Amino acid sequence: MNLGRLGRLVRWPARGAAAATRSGAPRTGGEGWSLEVQVHPSDIRKRVRYFFLSRVQVTFWSILALLYLMALAVAAGVAPMVIKGYLGKDDYQTLVAERARQGERLQELVGRLGEIEARSQGLAARVDKIFLVYGLPAVPVPPAAANAANAANAANAGATDGADPVAAAALYAGTLEQGERRHRRISRRLRSLDLSLERAREFERAHPEQVRGTPALCPLRGELVLISPFGRRRNPFTRELELHPGVDLAAPLGSPVHAPASGVVVYAGRYPLGRSAIWWRLGNLVAVRNGDDLVTLYGHLQEMRVRPGQRVERGDLLGTVGRSEVNNSVHLHYEVRRRAGAGELRPADPLTYILDRRWPNEERLLARARSGPPVTGFEPLPREIAR
Numbered sequence: 005m006n007l008g009r010l011g012r013l014v015r016w017p018a019r020g021a022a023a024a025t026r027s028g029a030p031r032t033g034g035e036g037w038s039l040e041v042q043v044h045p046s047d048i049r050k051r052v053r054y055f056f057l058s059r060v061q062v063t064f065w066s067i068l069a070l071l072y073l074m075a076l077a078v079a080a081g082v083a084p085m086v087i088k089g090y091l092g093k094d095d096y097q098t099l100v101a102e103r104a105r106q107g108e109r110l111q112e113l114v115g116r117l118g119e120i121e122a123r124s125q126g127l128a129a130r131v132d133k134i135f136l137v138y139g140l141p142a143v144p145v146p147p148a149a150a151n152a153a154n155a156a157n158a159a160n161a162g163a164t165d166g167a168d169p170v171a172a173a174a175l176y177a178g179t180l181e182q183g184e185r186r187h188r189r190i191s192r193r194l195r196s197l198d199l200s201l202e203r204a205r206e207f208e209r210a211h212p213e214q215v216r217g218t219p220a221l222c223p224l225r226g227e228l229v230l231i232s233p234f235g236r237r238r239n240p241f242t243r244e245l246e247l248h249p250g251v252d253l254a255a256p257l258g259s260p261v262h263a264p265a266s267g268v269v270v271y272a273g274r275y276p277l278g279r280s281a282i283w284w285r286l287g288n289l290v291a292v293r294n295g296d297d298l299v300t301l302y303g304h305l306q307e308m309r310v311r312p313g314q315r316v317e318r319g320d321l322l323g324t325v326g327r328s329e330v331n332n333s334v335h336l337h338y339e340v341r342r343r344a345g346a347g348e349l350r351p352a353d354p355l356t357y358i359l360d361r362r363w364p365n366e367e368r369l370l371a372r373a374r375s376g377p378p379v380t381g382f383e384p385l386p387r388e389i390a391r
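Residues 5 to 391 (the numbering used here) make up the sequence shown, in order.
No lab work stands behind these hints: they were computed from the structure.
Do not rely on the hints blindly, as some may be mistaken.
Unchecked claim - Pairwise CB distance ranges (calculated):
| # | residue 1 | residue 2 | range |
| --- | --- | --- | --- |
| 1 | R343 | L180 | 49 to 59 angstroms |
| 2 | Q182 | L99 | 21 to 31 angstroms |
| 3 | D198 | S333 | 21 to 31 angstroms |
| 4 | V100 | R193 | 33 to 43 angstroms |
| 5 | L99 | F55 | 57 to 67 angstroms |
| 6 | R243 | R362 | 47 to 57 angstroms |
| 7 | R116 | P276 | 57 to 67 angstroms |
| 8 | L247 | E108 | 52 to 62 angstroms |
| 9 | M74 | D94 | 30 to 40 angstroms |
| 10 | K93 | R362 | 51 to 61 angstroms |
| 11 | R243 | D360 | 31 to 41 angstroms |
| 12 | E329 | R362 | 32 to 42 angstroms |
| 13 | R343 | E121 | 32 to 42 angstroms |
Being a predicted model, the structure only gives us computed values, none of them experimental.
Every residue gets a Cβ at the ideal spot worked out from N, C-alpha and C, and that includes glycine.
Take the sequences, apply the hints, and build the full model.
Below is the structure:
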């Protein structure tokens, strides 16, 4: 087929003119223009082929060809991006893996902030105990620090309210918010601790004798078990509900008992049964006056290594852990009595005076010691000890 001759074989008859048909019959006017295409084969013995395209057919095929060209153009424009995206698939996977690693790191850091917050709470409890044993009021967060904290909270709240919802719904948004909350709490607590420690240092510089005479350590070292706390309990002998004015600390027989503060021994021996059965039940008893407002007592001793009138310093040996005839368990009965104003010496919870150990529910213990009702129903100190 000789397509080179196609150009001269295409004719556009005039509007209304007759067009030859394949059979040679003329077309009448009024049907609009049409396109005649003649295809002449290279072999002259073969027939010539005629194609007639109406106006509608030409329009349809033209539009179809245009759409095809447009599709090719769009494909040519999009193809580079598709190829680039395909080639960047490995980079995307690398970014996803990096995000996962950073998320794990973020969660680890927030967990460490939780540990720091717990440690700051422990430090705050210890400082509160120091203020309690010194008889000082707790130091509140100063107004400047409180205002700064409130301003920071407001700024963070405003940032959250105006944030992009898509950003707020990020994968680690909750973890970030938790970390920010912990950071603000830690910052406020540390500011309060700085002020409290400075106040405590000022008090210690101004009252060195009172500091040396304040019980601050546990009289027992090493392993021990708290078997009976301070407070109301049922008496193991009379089965009546009464106040237990001290704590019972179980330790191996013969464990050394050390003075938790400096003072003067005012009693060392077995209290006579005829004078008081309550004090007699404590067995070998040592009482130390720590300044004008504090007395510490140590009962159920196996041996007493001090005598009345002897001066002791913090850490000196007072005796050893033992048992008494009415109590077969080996333990130390430890009491702290503090003068309430100008009144008598009242029992106080010894656990609040042990600064070198931390006890369960210590925050509740300190709150009760500060704001609890006055202690009542206790046995007054014997005259020999209270003088």
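Worksheet entry | Violations among the numbered hints | Hint check: 3 and 6 fail, others pass.
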